[in-house]
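What follows is each chain in one-letter form.
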Amino acid sequence: MTRMRTLNNQLFFNRWKMINLVFLINLMAFGIVMLIDVVSNKMTFKLVMFDKWYMYYMLLTFVAYLVTWVLLTKDNERVLFSNKYRMIPITEWKLYFSNMLSSLLALIYLWFLEGIVNTIFGSIQANHFLVGNALTSILYTKAYYKLPNVDMTVRSFIIGFLSITLVWSIVTLVHFLISLISDKFALKKKRVIKYVLYFLITYICLMIFNSTVSGVFVLMYGDGFNVLEKINSMLLTSIFIFIGWIVVLTLINVYLLKKHIETDY
Amino acid sequence: MSNVLKIEELNYKKGGKKILEDVNLKLDSGKIIGLLGENGAGKTTLMRIIAGVNSVPEGVITVNGNTKKVSIKENVSLSDHLDGFKATNKISEIVHFYSAVYQDFSITKYEDIANFLGLDMTKKLAALSTGTRGKLVIALTLARSAKLYLLDEPLSGIDSISRKKIISSIIRWKDDDSTIIISDHYVTAIASLLDEVVIIKDQKIRDLIPVEKIQSDYHLGIEAYYEKVYLGEIQ
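Going down the list, the protein sequences come from chains A and B.
Residues in the first sequence are numbered from 0 upward in steps of one, following numbering that gives the first Met the number 0.
Residues in the second sequence are numbered from 0 upward in steps of one, following numbering that gives the first Met the number 0.
There could be a bad hint or two in this list.
List time: in silico DSS-like cross-link candidates among lysine-lysine, alpha-carbon distance up to 27 Å [what the hints assert, rightly or not]:
id: 1; chain 1: A; residue 1: 257; chain 2: A; residue 2: 183
id: 2; chain 1: A; residue 1: 73; chain 2: B; residue 2: 123
id: 3; chain 1: A; residue 1: 193; chain 2: B; residue 2: 13
id: 4; chain 1: B; residue 1: 85; chain 2: A; residue 2: 73
id: 5; chain 1: B; residue 1: 13; chain 2: B; residue 2: 25
id: 6; chain 1: A; residue 1: 73; chain 2: A; residue 2: 16
id: 7; chain 1: B; residue 1: 25; chain 2: B; residue 2: 227
id: 8; chain 1: B; residue 1: 5; chain 2: A; residue 2: 258
id: 9; chain 1: A; residue 1: 258; chain 2: A; residue 2: 73
id: 10; chain 1: A; residue 1: 183; chain 2: B; residue 2: 16
id: 11; chain 1: B; residue 1: 164; chain 2: B; residue 2: 30
id: 12; chain 1: B; residue 1: 13; chain 2: A; residue 2: 258
id: 13; chain 1: B; residue 1: 17; chain 2: B; residue 2: 200
id: 14; chain 1: A; residue 1: 258; chain 2: B; residue 2: 67
id: 15; chain 1: B; residue 1: 163; chain 2: B; residue 2: 173
id: 16; chain 1: A; residue 1: 183; chain 2: B; residue 2: 67
id: 17; chain 1: A; residue 1: 16; chain 2: B; residue 2: 89
id: 18; chain 1: B; residue 1: 12; chain 2: A; residue 2: 183
id: 19; chain 1: B; residue 1: 200; chain 2: A; residue 2: 183
id: 20; chain 1: B; residue 1: 85; chain 2: B; residue 2: 164
id: 21; chain 1: B; residue 1: 13; chain 2: A; residue 2: 183
id: 22; chain 1: B; residue 1: 17; chain 2: B; residue 2: 68
id: 23; chain 1: B; residue 1: 68; chain 2: A; residue 2: 258
id: 24; chain 1: B; residue 1: 212; chain 2: B; residue 2: 173
id: 25; chain 1: B; residue 1: 164; chain 2: B; residue 2: 122
id: 26; chain 1: B; residue 1: 108; chain 2: B; residue 2: 164
id: 27; chain 1: B; residue 1: 85; chain 2: A; residue 2: 93
id: 28; chain 1: A; residue 1: 257; chain 2: B; residue 2: 17
id: 29; chain 1: B; residue 1: 68; chain 2: A; residue 2: 183
id: 30; chain 1: B; residue 1: 17; chain 2: A; residue 2: 258
None of these hints come from the bench; they were simulated from the model.
Full structure from sequences and hints, please.
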């Protein structure tokens, strides 16, 4: 257990540094955008500018999340294919979970950092009643304060994290299958075949996932789900479907990691 | 003397090609063994299989009586070429990583070896020459208290002075009951270290022979014996 904790700390520390860098770049980019805006307004400062800046910030935050997700996905794969981590006397289960867990924690950490900035913006806007902007109005007034119930918010967040875990699990499976196929068979034009395999396996995974999920939803909500309770129960169903898929993919991934997947470097 | 390593009926294929076939090997503890073979003979693959970073599709690997992968990894210290670390990582960070994840890693032993080899903790990986990187790999590998050390081409691309230093450190920091397997193209460079020689030829273990026997029975040096085995002059 101690070794797993140490590994968790190591993996999280690397990703923590990565998130700090992404957040810093995000803030710097935002600072530059604000500066340009102030300069182009002849150095005059109006409170109403906060609305526009908030939208710029939201856009930059979206980019930051996207970049973080890609970086974490790459780092997830790097760990599973690297001697550095595979040589550690720890079971494949523990390595797989530590890897996934530290990536999720890193994402939560970014979410926390962005949340602080959001709260600052929110308090400035609330203090000055600057809710004229349509998007800001939707984001603050509707999304935060008028959500139908707490359950739905919590479930939406859970679904958000589960879907990220699910996509990481699928990416890992795709990577593993490609590695397995290219290890087992003598492939000529390896790079071309790899890209074809990437496309093919991703397509098959998405098809299976899509047909299963939509099948369940058609069965359960064939008569529509415009009633609030039904949306709520749909979210709960989604959570169970996602968990089911994550469990299945995790079992396959860990089996492949244990029996077939070798390190690249 | 007990068996530190036992390999039974190991077969390994990659990319549809046989790399190792019907490998059976038993090694006693406390020795330094040279793993010799031409390029692509399967030396690195064999080491990686023993260390548990390559899969074992067919066969059984036993290290110090353990067949479970985790226990094997606890008993084996493989020289990693550190490609998993970032170029910006300082030596101190790599040492910190090793001491955090390997319970048998001794900082004191590392510092002794590093002082002997002249390694500077503050240097970044990117700033190291091939020779210094090789020294770092050896220091990290030997600083663990393992039963079996696997040194994969530790002298490859390294200048003669650094080579001598590395060889001296292997002799100096080897525990009496631990076993070291060294693979290298520089047969002459490592010859002075070896107690036994394992030769891989045509995907199979061709020979496991004590160095004394090579000298007494064939009146040859290790390199000459190895060449004759490869040319088929010794059956």
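Hints, one by one, checked against the model:
no.: 1; hint: A:257 with A:183; in the structure: 16 Å, holds
no.: 2; hint: A:73 with B:123; in the structure: 23 Å, holds
no.: 3; hint: A:193 with B:13; in the structure: 16 Å, holds
no.: 4; hint: B:85 with A:73; in the structure: 14 Å, holds
no.: 5; hint: B:13 with B:25; in the structure: 24 Å, holds
no.: 6; hint: A:73 with A:16; in the structure: 15 Å, holds
no.: 7; hint: B:25 with B:227; in the structure: 23 Å, holds
no.: 8; hint: B:5 with A:258; in the structure: 20 Å, holds
no.: 9; hint: A:258 with A:73; in the structure: 22 Å, holds
no.: 10; hint: A:183 with B:16; in the structure: 9 Å, holds
no.: 11; hint: B:164 with B:30; in the structure: 20 Å, holds
no.: 12; hint: B:13 with A:258; in the structure: 14 Å, holds
no.: 13; hint: B:17 with B:200; in the structure: 12 Å, holds
no.: 14; hint: A:258 with B:67; in the structure: 13 Å, holds
no.: 15; hint: B:163 with B:173; in the structure: 16 Å, holds
no.: 16; hint: A:183 with B:67; in the structure: 24 Å, holds
no.: 17; hint: A:16 with B:89; in the structure: 15 Å, holds
no.: 18; hint: B:12 with A:183; in the structure: 7 Å, holds
no.: 19; hint: B:200 with A:183; in the structure: 22 Å, holds
no.: 20; hint: B:85 with B:164; in the structure: 26 Å, holds
no.: 21; hint: B:13 with A:183; in the structure: 6 Å, holds
no.: 22; hint: B:17 with B:68; in the structure: 23 Å, holds
no.: 23; hint: B:68 with A:258; in the structure: 11 Å, holds
no.: 24; hint: B:212 with B:173; in the structure: 23 Å, holds
no.: 25; hint: B:164 with B:122; in the structure: 19 Å, holds
no.: 26; hint: B:108 with B:164; in the structure: 16 Å, holds
no.: 27; hint: B:85 with A:93; in the structure: 23 Å, holds
no.: 28; hint: A:257 with B:17; in the structure: 21 Å, holds
no.: 29; hint: B:68 with A:183; in the structure: 22 Å, holds
no.: 30; hint: B:17 with A:258; in the structure: 18 Å, holds
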